[in-house]
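Take the given structure of chain Y and dock chain W to it, following the hints.
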Amino acid sequence: MLAGARGKKNRRPAPLETTVLGTAKLLGVAALAAALSLSAPPASGQVTAERLLNSSKEPQNWLMYSGDYAGHRFSALDQINAANAATLVPKWAYQTMAGGKFEATPLVVDGILYGTGQDDRAYALDARSGRPIWQYQQTLPADIRPCCGRVNRGLAILGDKVFVATLDAHVIALDSKTGNVVWDAAAAEHAKGYSFTLAPLVIRNLVLVGISGGEYGIRGFIDAYDAATGARKWRFYTIPGPGEPGHESWEGDSWRIGGSPAWITGTYDPATNTTFWTTGNPSPSNRGEGRAGDNLYSNSLLALDPDTGKLKWHFQFTQHDEHDYDATQVPVMIDDGDRKWIAQANRNGFFYVVDRTNGKLISATSYAKVSWSTSKDATGRPVPDKAGAPTPEGNRVCPGALGATNWMSPTYDPQTKLFYVTAREQCDIFATAPQPYEAGHAYYGSAYFPNDDTQPFWGALRALDPATGKLKWEWKHASPTWAGVLSTAGGLVFTGDAEGNFIALEAASGKVLWHFQCGASVFSSPMSFAIDGKQYVAVAAGSALFTFGLP
Amino acid sequence: MFASRRDNFLKLPRERQKRPVIAAGVIVLALLCAGGLRMQAQEKNPYAGDAKVAKLGEYQFRSNCAFCHGLGARGGGRGPDLTRAQKHHGNTDAELFRNIHDGIAGTAMPAATNGGIGVGMSDEEIWQVVTYIRSVEKKATAAETGDAAHGKELFYGPVGCWTCHMVNGKGGRLGPELTSTGASRSVEYLTDSLRNPSKRLAEGISEPLKDFSQEYETVTVVTSDGTKLQGVVLNEDSFTVQMLDTREQLHAFEKNKLRSYVKTRESLMPAYDAKALPEKELKDLIAFLLAASEKGGGQ
Chain Y
1 MLAGARGKKN
11 RRPAPLETTV
21 LGTAKLLGVA
31 ALAAALSLSA
41 PPASGQVTAE
51 RLLNSSKEPQ
61 NWLMYSGDYA
71 GHRFSALDQI
81 NAANAATLVP
91 KWAYQTMAGG
101 KFEATPLVVD
111 GILYGTGQDD
121 RAYALDARSG
131 RPIWQYQQTL
141 PADIRPCCGR
151 VNRGLAILGD
161 KVFVATLDAH
171 VIALDSKTGN
181 VVWDAAAAEH
191 AKGYSFTLAP
201 LVIRNLVLVG
211 ISGGEYGIRG
221 FIDAYDAATG
231 ARKWRFYTIP
241 GPGEPGHESW
251 EGDSWRIGGS
261 PAWITGTYDP
271 ATNTTFWTTG
281 NPSPSNRGEG
291 RAGDNLYSNS
301 LLALDPDTGK
311 LKWHFQFTQH
321 DEHDYDATQV
331 PVMIDDGDRK
341 WIAQANRNGF
351 FYVVDRTNGK
361 LISATSYAKV
371 SWSTSKDATG
381 RPVPDKAGAP
391 TPEGNRVCPG
401 ALGATNWMSP
411 TYDPQTKLFY
421 VTAREQCDIF
431 ATAPQPYEAG
441 HAYYGSAYFP
451 NDDTQPFWGA
461 LRALDPATGK
471 LKWEWKHASP
481 TWAGVLSTAG
491 GLVFTGDAEG
501 NFIALEAASG
511 KVLWHFQCGA
521 SVFSSPMSFA
531 IDGKQYVAVA
541 AGSALFTFGL
551 P
Chain W
1001 MFASRRDNFL
1011 KLPRERQKRP
1021 VIAAGVIVLA
1031 LLCAGGLRMQ
1041 AQEKNPYAGD
1051 AKVAKLGEYQ
1061 FRSNCAFCHG
1071 LGARGGGRGP
1081 DLTRAQKHHG
1091 NTDAELFRNI
1101 HDGIAGTAMP
1111 AATNGGIGVG
1121 MSDEEIWQVV
1131 TYIRSVEKKA
1141 TAAETGDAAH
1151 GKELFYGPVG
1161 CWTCHMVNGK
1171 GGRLGPELTS
1181 TGASRSVEYL
1191 TDSLRNPSKR
1201 LAEGISEPLK
1211 DFSQEYETVT
1221 VVTSDGTKLQ
1231 GVVLNEDSFT
1241 VQMLDTREQL
1251 HAFEKNKLRS
1261 YVKTRESLMP
1271 AYDAKALPEK
1281 ELKDLIAFLL
1291 AASEKGGGQ
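The listed protein sequences derive, respectively, from chains Y and W.
Taken in order, the first sequence gives residues 1 to 551; the numbers are from my numbering.
Taken in order, the second sequence gives residues 1001 to 1299; the numbers are from my numbering.
Chain W on its own, in the form it takes in the complex:
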């Protein structure tokens, strides 16, 4: 009965809409053709390997991208390190072009149009930037870095990273989720983050694009009834704070109702010096993170 009713319902409009449907079909076809051509035009970098274009791209990069991705594309507080050959949002020329041209939904990466990145880039300038990024890419594979399998054992075992960090859905919530970190940060950055986690925290996050920052600042509060809680700040403004405590409980407070509120940029994460984490184990851990960010790796 439902089916026949639906059929009846569909019949009449279909008859009536014939002409518009044909017209729409022509338009769609035209759009597909145009889209197809455009896709083709954007498939391959016309300047691949051209050192002169890479230099122009560097200037574009400095003006438009370096604010988040850092001088030399090595990553800022906010943007990923683009010298990593493995890109979380796609490795092909076409994907790089698309990510710059359209931005990446759900991230702070804006589209390279007016009001987006810098003052806007033309398609040609985007290709220059892609050429530049290719010129500074460094390959760092998990296999070259260390023993990923051993790193995984350390991560979920004696080093205990998992108590605060999650990789591929397994682990804790107090620290940053690390599944894709290997694709967005350099080995040096990861080393630094393990050896001296507070340094990264201290550097802060660039502000102009800031909408919703999470910097994992350490917060200690004493509530009006004397309860002491420690954890990380998830968000805050002048009047309120939203935090996750060390037992992974969410709390939200009005600051003026707290007995005490102390925030530091000293990370809750312990600093792993060479004694706590010998060089070999550190490399294995990083190899695990790199493998986790590579396709199907880390499992």
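Excised from the complex, chain Y in its bound form:
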């Protein structure tokens, strides 16, 4: 249906003098289309909003960034399982031939893999062979301001379009059959530090995105665009303006340049029509002077109405943050009987469980070394210690500036009822370095350094029980990693490491069953799909997207 509508819109009006011939041609095309439709239903390749809602009914496909609206990053496929994982072999690799971090998770729809990569490239591949069908490269201006690499984490799909949010702060729709640009919407001024790095989230006919740029003194927002036209339907500023509740949590004019980006893909609860988004640090990230107050809605969980962008409630994880503790980790929806939670292992070192019907905190348990907070408020929410603030001489605080975890996705396995997260054990010394605000310039007001611990930094894959917050098992990495985690119905979890290994572990025990050396660090979160009844697991490492399967 969408394809037909778009086809009409994009067809150039036929000049009058060729009408007769044109009609004849059209008739021919119509006849051909009719003939084809006998063998292939015209809508077979299309991803409807309905299909996105029922993604669990088609486990062979990976229809959105986290696999489903709940943010589980769980695959119901079980052909690859604990009994045969040791025999996994590489099936194909796709090279982007680009430098920098390859952070993207691809999508797979009916045998076609759609992906993005460094420098805002996008591509469609034959998911069986890895052969490219089309490739797209966004032309990026020289004055873009990506804080942390020219990265892109993935795309979203609806109808016959895929949606990519780019480093020059545009949202674009590409024709999923050709890679041609269908629409291009500019969201903000890239030269002032606005950029996109996340995979968009499609809800019904809307494409939702959150902005990056917490290192440049932006004013954060979450946008929704009409999937058909690219028209912006709403914008939610993650920093309330004058007269709005929460505005008083900012000192003076600091709200104008207060950061609070929203650079990781949200989740969606159709039962209550609520979309959950998380936000990043207030700016400047490591210096609270000049922005006294809690700095809402930085480092928060936001419950929004996807149709209007109206805020239903918020929960702030880190108030008046001075350690760059972005809460930009996927807010995972977990149902435990009648109880409906959002679980998040936060960059600040606490594992939070929040009631997603009202935003009330249920529990906050540290899952990594924490020193920024030693007390909790009446609701059980950890509050920052004044003693942890950065100083000119430097103040050692855990977790360090890169966090106890970061943007890499966790996974929730409904079979083991465990939440798996990549944990980083690293403390840093935070020292102030006052920087005046200047549009488009670095604005983080501090420096951080490796700590002087006798223990080098390390990392682990940790299995947490959301019901208790307790650690079930951990598997230690040789060093902290930036790889996310996938769980599967085969009783497996997959993750990667900084040394280039892609690893399969038994979900129940953490026992390593298989590993493969990709030749470069894994900076991405894995996914799984099936084609011809054969299951694959895919992950990006170095400049390549690798797929693995049974021999």
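Quick caveat, the hints were computed from the structure, so don't treat them as lab data.
The structure presented is a predicted model; accordingly, all values stated were derived computationally and were not measured.
Mixed in with the good hints there might be a few duds.
Using 25 Å as the maximum straight-line C-alpha spacing, the simulated SDA-like pairs for lysine to any residue come out as follows [what the hints assert, rightly or not]:
id, chain 1, residue 1, chain 2, residue 2
1, W, K1052, Y, Y437
2, Y, K511, W, K1055
3, W, K1255, Y, A86
4, W, K1052, Y, T391
5, W, K1263, Y, H515
6, Y, K511, W, F1239
7, Y, K476, W, K1052
8, W, K1055, Y, A439
9, W, K1263, Y, W458
10, W, K1257, Y, P392
11, Y, K476, W, V1241
12, Y, K192, Y, H320
13, W, K1138, Y, Y437
14, Y, K511, W, F1253
15, Y, K476, W, K1055
16, W, K1255, Y, T87
17, W, K1257, Y, S509
18, W, K1255, Y, H515
19, W, K1255, Y, G519
Coordinates of chain W only, in the frame set by chain Y:
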């Protein structure tokens, strides 16, 4: 015959390409001019000696450089000490600017562009950093430190540093190569490394830029056939280890096939206390390392 064939081969294309060649020439000329201007603009620090700019540069340095080069530019686990007046990759303003702007190929030093150092620095900010570095430089020459010639005798003689360390192509491989160490580390750091080598090892290397670390951790393995080997780790991951043993033999193992695998951050290098290496000899040794890193020195 070869020559004439080549001539024939060249003739036709040359005729055909005349126009593009001229066009390309104009472009090259334009680029040369632009490049020339740019080079000139980057030749000299416009803020040299300006204390206010040095302060701004310190803030830039803290945000963008200190992670590797340490607070006060005194060197971290990874980056060289920049308070040393002698810089391994060039001492002039233009060279400092270029090294920050473009990075240093073959090292962990990234370019000061987006996605490189911190969040990227403008040319002006780079000059601020250069001004700051100049403000904290301390001169330490070999001649002022000690007797380099005697230090060389000690290095290759009674102290026996050469059995594990190489300077200018002469020496062993088990420890770090030291030819340029004098240019990248302070006298205090070098003293510390001699007096207490395990302390340096214990501090570890900063991770985010880590790609291929070598920390000279001590490893002892017992292979499946009972052979015991000791040496330094060249690289390792969760499943494998690559090492150099004390006889300078390379080995690579799968960890789960070893009978035992023990790694410590206790350096194989002996700690040279004042008894083993009196203060005067220590200074002479360091003078030798400083001289080796200075142009044509140490030989």
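Hint-by-hint comparison with the structure:
Taken as a hint, the K1052/W and Y437/Y pair is honoured in the structure, with Cα atoms around 18 Å apart against an allowance of 25 Å. A threshold of 25 Å between alpha carbons decides the hint, and for K511/Y with K1055/W the separation of about 53 Å lies outside it, so the pair is violated. For the given pair, K1255/W sits about 17 Å from A86/Y by alpha-carbon distance, which is consistent with the 25 Å threshold. This hinted pair checks out: K1052/W and T391/Y have alpha carbons roughly 21 Å apart, not beyond 25 Å.
Taking the CA atoms of K1263/W and H515/Y, the gap is near 22 Å; set against the 25 Å cutoff, the hint holds. In summary, the hint linking K511/Y to F1239/W is supported, as the alpha carbons are separated by about 13 Å, within the 25 Å threshold. In summary, the hint linking K476/Y to K1052/W is not supported, as the alpha carbons are separated by about 47 Å, beyond the 25 Å threshold. With a C-alpha separation of about 21 Å, the suggested pair K1055/W and A439/Y falls inside the 25 Å cut-off, and the hint holds.
Our distance criterion of 25 Å between C-alpha atoms is met by K1263/W and W458/Y, whose separation comes to about 15 Å. With a C-alpha separation of about 50 Å, the suggested pair K1257/W and P392/Y falls outside the 25 Å cut-off, and the hint is violated. In summary, the hint linking K476/Y to V1241/W is supported, as the alpha carbons are separated by about 16 Å, within the 25 Å threshold. Taking the CA atoms of K192/Y and H320/Y, the gap is about 23 Å. The hint holds against a cut of 25 Å.
This hinted pair does not check out: K1138/W and Y437/Y have alpha carbons roughly 32 Å apart, beyond 25 Å. Taking the CA atoms of K511/Y and F1253/W, the gap is near 21 Å; set against the 25 Å cutoff, the hint holds. Restraint check for K476/Y and K1055/W: not satisfied, since their Cα atoms lie roughly 42 Å apart, outside the 25 Å limit. With a C-alpha separation of about 19 Å, the suggested pair K1255/W and T87/Y falls inside the 25 Å cut-off, and the hint holds.
In summary, the hint linking K1257/W to S509/Y is supported, as the alpha carbons are separated by about 22 Å, within the 25 Å threshold. For the suggested pair K1255/W and H515/Y, the alpha carbons sit about 13 Å apart, so the restraint of at most 25 Å is met. Pair hint K1255/W plus G519/Y holds up; C-alpha atoms about 18 Å apart against a cutoff of 25 Å.
The earlier numbered hints that this structure contradicts are 2, 7, 10, 13 and 15.
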